[in-house]
Each structure stands twice: as C-alpha cells, then as structure tokens.
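Student: Here the protein sequences line up with chains A and B, keeping their order. Under numbering that gives the first Met the number 0, the first sequence has 2 at position 3, and the numbering climbs by one with no breaks. Under numbering that gives the first Met the number 0, the second sequence has 43 at position 44, and the numbering climbs by one with no breaks.
Derived by calculation from the structure, the hints in this document are not laboratory data. Hints should not be assumed to be uniformly reliable.
[Claimed, not checked] Derived Cβ-Cβ restraints for the label pairs, each shown as a range:
1. 5(A) <-> 134(B): 15 to 23 Å
2. 86(A) <-> 51(B): 18 to 26 Å
3. 92(A) <-> 123(B): 20 to 28 Å
4. 5(A) <-> 138(B): 38 to 46 Å
5. 112(B) <-> 96(A): 24 to 32 Å
6. 18(A) <-> 78(B): 16 to 24 Å
7. 105(B) <-> 33(A): 41 to 49 Å
8. 78(A) <-> 112(B): 41 to 49 Å
9. 119(B) <-> 0(A): 32 to 40 Å
10. 29(B) <-> 4(A): 23 to 31 Å
11. 119(B) <-> 44(A): 30 to 38 Å
[Said to hold, decoys possible] Covered stretches of chain A, as calculated for chain B (at least 3 residues, CB under 8 Å):
12. 47-59
13. 77-84
C-beta atoms are modelled at their ideal positions from N, C-alpha and C, and glycine is treated no differently.
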Amino acid sequence: MWSWVGHRITGVVIFFFLLVHVLDTSLVRVSPEAYTAVIGTYKNPIMGLGEAGLVAAIVFHAFNGLRIVAIDFWKKGNKYQARLLWAVLILWVVVMVPFLIRHLSIVFGGH
Amino acid sequence: MATPTIDAPRSGKVDVKYTRRKGGKGNFEMAAWLFMRLSGVVLVVLIFGHLFVNLMVGDGIHAIDFGFVAGKWASPFWQIWDLLMLWLAMLHGTNGVRTIINDYAERNATRMTLKTVLYVATVVIIVLGTLVIFTFDPCPAGAVTDLPSFCTAK
Numbered sequence: 000m001w002s003w004v005g006h007r008i009t010g011v012v013i014f015f016f017l018l019v020h021v022l023d024t025s026l027v028r029v030s031p032e033a034y035t036a037v038i039g040t041y042k043n044p045i046m047g048l049g050e051a052g053l054v055a056a057i058v059f060h061a062f063n064g065l066r067i068v069a070i071d072f073w074k075k076g077n078k079y080q081a082r083l084l085w086a087v088l089i090l091w092v093v094v095m096v097p098f099l100i101r102h103l104s105i106v107f108g109g110h
Numbered sequence: 000m001a002t003p004t005i006d007a008p009r010s011g012k013v014d015v016k017y018t019r020r021k022g023g024k025g026n027f028e029m030a031a032w033l034f035m036r037l038s039g040v041v042l043v044v045l046i047f048g049h050l051f052v053n054l055m056v057g058d059g060i061h062a063i064d065f066g067f068v069a070g071k072w073a074s075p076f077w078q079i080w081d082l083l084m085l086w087l088a089m090l091h092g093t094n095g096v097r098t099i100i101n102d103y104a105e106r107n108a109t110r111m112t113l114k115t116v117l118y119v120a121t122v123v124i125i126v127l128g129t130l131v132i133f134t135f136d137p138c139p140a141g142a143v144t145d146l147p148s149f150c151t152a153k
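Using the sequences and the hints, build the whole thing.
Tutor: The structure is reproduced here in structure tokens:
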C-alpha cells in the first residue's frame, strides 16, 4: 500500500518537474544567453539538493514501475510482490549512493 | 426467516445496473493500462541514459549550458532520443495524473475542469518541445556566448 502511495506522489512530482523542464529547455530556441542565464540560476546548493531529490523520486518510480510490470505479467509476480519491493529498495540504494557521491561532490565542490 | 438467494456473479442473472457497460468507451482504459506498462519500460532506459549522460559523465551538471545542448542536438541520435522521451514521458505522466484526478476529484465539474487544464498543458508542452527539437539552430546568428566549439568554423 505504501509503495502505491509512493508511486503516486513521485509520479506527480516528476510530472510537474517535466513541464518546467521542457519550458526551460525551450529557451535554447530563444537565445543562448537566455538559456544559459536560467540554467545558471539552478547552479547552487539548494537546487542541487532538489535535483538529488528529483533523481531519488525518478529512480524509485522506475524500479517500482518495473515491479508493477512484474506483478502484472509474471506468473509468480503476485506471490513475490513483497520481496520485489525489497529488491526495489535495495536497487534504489545501490543506484543512489554512487549518484549522490558524484552529484553532491559536483554541487558542493564549488568549481 | 427465509434466506435470500443471491445469484452468482457473471451468472447472467445479475441486475443490469451492476453489469459492466458494453461498448461505449471501447477498450480505451485497457489500452491506457497497457500503454503505462510498455511506455514505462522504455522510459526507464531513455531516462536513465539521459540522466547518466547529463549528470554523471564529464563535468556533470555543471557542464550544462547552451553549448552542451547544442552539441547533443547536432546529432539525430539525441534528437530522436529526446523526442521519444518527450512524447512517451508526457503521455505517461498525463495518463497518470488523469487517473489521480479521476480518483480524487469527486464533483463532475471539478473533474472536467482539472482534466481540461491537464490536456491543454500536455498539448502545449508536446508541441512546443517537438518544435524546439526540430527547429533549433545550434549556431544562431549574432550569438557569441556559450556556443558549441563547431560553430567557430562559421
């Protein structure tokens, strides 16, 4: 049940980010200055943490989505759904640890 | 007291108001359900690739400026990659939010309003994104800053 709640919340968060992401990327069509200026406002620690949270949401939604596909299409999916949730959480940690080390060292590396 | 008899489900004797509607909406909900799963699997590949190339490789997120985007979209490979990602992610996300609106907005008028706003936003974003990918000029005339390196040949 909580994986269902988590899937909905991360889904909505990602959708609203996507709307903004297409709009800001569209600034490349306006001018290089406009795009680089707006992207420049993202290059600070607060946005960096927001990006980390966004990737955390995407990675959870991705792995839990694959779990839903497994439950719906794999004969034994239903039987193993709880174990599959553990697999989702473990994979989430395995992906997030190297990502956070890399991303946060760039964000807080001050270069 | 006599025990009431209750017909088994799907026996054909169920009161017509409890049977599922035939026709009308067709198989739209079933197609939407299947689309969520198929597009989801493709999106995992597209978005993980997108995040890896943009956030992990080279200087990571700090490398992103006009030149970075221009350099990528100079290649049809990334144009198609991003186009597929745009369409699949927007349709997947729109269908997800549609489901959530249907679940939580109880008044008919609220549901209609929210879904209208949603569909307008979806069409605007998909059309805008598609136009930007295909009408984009990596070396715009008069521009000087943050151009990709291949523009200097001009």
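Student: Does the structure break any of the earlier hints, and which numbers would those be?
Tutor: 1, 3, 5 and 13
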